[in-house]
Amino acid sequence: GQPGDLDYTTGVAVTKSPAYPNVIVLIADFHNNKIQAFDVETGRCINHFTHDFYVRSPYGIAVNQQNGNIFVANFCSNLITVHSGFPTLCNNNNNNNSNFGTLLKVIGDNDGFKFHQPYSIACNSKGHIIISSDHKIDILDSEYNHITSFGSYGDSNTNFNSPLCVCVDQFDNILVTDTFNYCLKIYDSHGNYLHSFGKKGKNDFERPIGLIVDKENGDIYVVNTGVNRI
Numbered sequence: 001g002q003p004g005d006l007d008y009t010t011g012v013a014v015t016k017s018p019a020y021p022n023v024i025v026l027i028a029d030f031h032n033n034k035i036q037a038f039d040v041e042t043g044r045c046i047n048h049f050t051h052d053f054y055v056r057s058p059y060g061i062a063v064n065q066q067n068g069n070i071f072v073a074n075f076c077s078n079l080i081t082v083h084s085g086f087p088t089l090c091n092n093n094n095n096n097n098s099n100f101g102t103l104l105k106v107i108g109d110n111d112g113f114k115f116h117q118p119y120s121i122a123c124n125s126k127g128h129i130i131i132s133s134d135h136k137i138d139i140l141d142s143e144y145n146h147i148t149s150f151g152s153y154g155d156s157n158t159n160f161n162s163p164l165c166v167c168v169d170q171f172d173n174i175l176v177t178d179t180f181n182y183c184l185k186i187y188d189s190h191g192n193y194l195h196s197f198g199k200k201g202k203n204d205f206e207r208p209i210g211l212i213v214d215k216e217n218g219d220i221y222v223v224n225t226g227v228n229r230i
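Residue numbers (our numbering): 1 to 230.
Simulated from the structure, these hints should not be mistaken for lab results. As the structure is a computational prediction, the values presented were derived from the model and not from experiment. Beta carbons are placed, not taken as given, at the ideal position from N, Cα and C, and that holds for glycine. Warning: the hint list may mix true and false statements.
Claimed, not checked - List time: in silico DSSO-like cross-link candidates among lysine-lysine, alpha-carbon distance up to 30 Å:
| hint | residue 1 | residue 2 |
| --- | --- | --- |
| 1 | Lys-202 | Lys-136 |
| 2 | Lys-105 | Lys-202 |
| 3 | Lys-215 | Lys-105 |
| 4 | Lys-215 | Lys-126 |
| 5 | Lys-136 | Lys-105 |
| 6 | Lys-200 | Lys-215 |
| 7 | Lys-16 | Lys-200 |
| 8 | Lys-126 | Lys-202 |
| 9 | Lys-136 | Lys-114 |
| 10 | Lys-202 | Lys-215 |
| 11 | Lys-126 | Lys-114 |
| 12 | Lys-105 | Lys-16 |
| 13 | Lys-136 | Lys-215 |
| 14 | Lys-136 | Lys-126 |
Unchecked claim - Derived CB-CB ranges, DEER-like:
| hint | residue 1 | residue 2 | range |
| --- | --- | --- | --- |
| 15 | Arg-229 | Gln-66 | 14 to 22 Å |
| 16 | Phe-171 | Thr-42 | 32 to 40 Å |
| 17 | Asp-109 | Val-227 | 35 to 43 Å |
All chains, please: the whole structure from these sequences, using the hints.
Laid out in structure tokens, this is it:
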């Protein structure tokens with residue numbers, strides 16, 4: 001498809017560039033194997049990037065707000081890729097040869113890390129990366145060294161059945177939608193279990209997937225796909 005055309009959007013992140021006046025929305029364009037950037041005020045696609053081998057079926061996306069780097073969880077290549085973001089995001093000519101999207105790092109490619117169908121990715125205030133994939137959560141530090149992993153298949157407080165989305169709150173706690181256990185689970189920044197809520201039901205959770213936290217007030221928004229409700 002052409003820049004701006006989308007085919008199955010699976011992840012979204014918001015960023016701001018000192019070189020661009022408006023807020024920028026980054027979208028994981030799954031079937032087009034692209035990350036596309038849109039001006040939130042005009043809806044115009046201002047840039048995009050892809051990679052023939054590494055960016056394959058991008059599912060989750062996150063931004064390190066300290067340096068602008070973009071993290072992509074690639075579902076089919078089983079890799080996490082790191083790309084340059086702002087301040088070089090703005091490109092008045094929409095020339096795809098700008099520095100936006102330059103591949104900086106590949107995680108999971110003969111480096112000791114093994115991801116199976118990574119779904120979602122988040123970045124906390126320390127620059128640590130939180131990755132959900134195949135019933136587990138991995139935490140890496142800002143230099144991409146492994147800190148810890150937790151979870152396996154199951155329905156206990158420390159197990160998962162398809163953790164399809166992960167995000168962090170204003171305290172760097174980790175929130176996970178445990179989609180087919182029909183609940184949301186909360187862990188501290190080290191992966192220690194804190195709390196969970198939700199159960200299967202029309203008035204509760206039916207396949208919760210998307211998740212975001214308002215870091216101003218702590219409100220949690222969950223995309224409850226089974227009943228088409230937030």
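Results for each hint:
1. A hinted pair counts as satisfied when its Cα atoms are at most 30 Å apart, and Lys-202 with Lys-136 qualifies at roughly 27 Å.
2. Among the hinted pairs, Lys-105 with Lys-202 is inconsistent with the structure: their alpha-carbon atoms are about 42 Å apart, more than 30 Å.
3. For the proposed pair Lys-215 and Lys-105, the alpha carbon gap of about 28 Å is at most 30 Å, so the pair holds.
4. Between Lys-215 and Lys-126, the direct Cα distance comes to roughly 15 Å. Compliance with the 30 Å bound is thereby established for this hinted pair.
5. For a cut-off of 30 Å, the pair hint linking Lys-136 to Lys-105 stands: about 22 Å separates their Cα positions.
6. Distance check on the hinted pair: Lys-200 and Lys-215 sit about 27 Å apart at the alpha-carbon level, within 30 Å; holds.
7. Restraint check for Lys-16 and Lys-200: the C-alpha separation of about 37 Å exceeds 30 Å, so the hint is violated.
8. Only pairs whose Cα atoms come within 30 Å are accepted, and Lys-126 paired with Lys-202 is rejected, the gap being roughly 38 Å.
9. With a C-alpha separation of about 11 Å, the suggested pairing of Lys-136 with Lys-114 holds against the 30 Å cut-off.
10. Taking the CA atoms of Lys-202 and Lys-215, the gap is about 28 Å. The hint holds against a cut of 30 Å.
11. Taken as a hint, the Lys-126 and Lys-114 pair is honoured in the structure, with Cα atoms around 23 Å apart against an allowance of 30 Å.
12. A C-alpha spacing of about 22 Å is found between Lys-105 and Lys-16, which places the hinted pair at or below 30 Å, so the restraint holds.
13. Between Lys-136 and Lys-215 the alpha-carbon distance is near 25 Å, which keeps this suggested pair within the 30 Å criterion.
14. Distance check on the hinted pair: Lys-136 and Lys-126 sit about 21 Å apart at the alpha-carbon level, within 30 Å; holds.
15. For the pair Arg-229 and Gln-66, the supplied restraint of 14 to 22 Å is violated, since their beta-carbon distance comes to about 34 Å.
16. Checked against the given bound of 32 to 40 Å, the beta carbons of Phe-171 and Thr-42, roughly 34 Å apart, stay inside it.
17. At about 39 Å, the beta-carbon gap between Asp-109 and Val-227 stays in the expected band of 35 to 43 Å.
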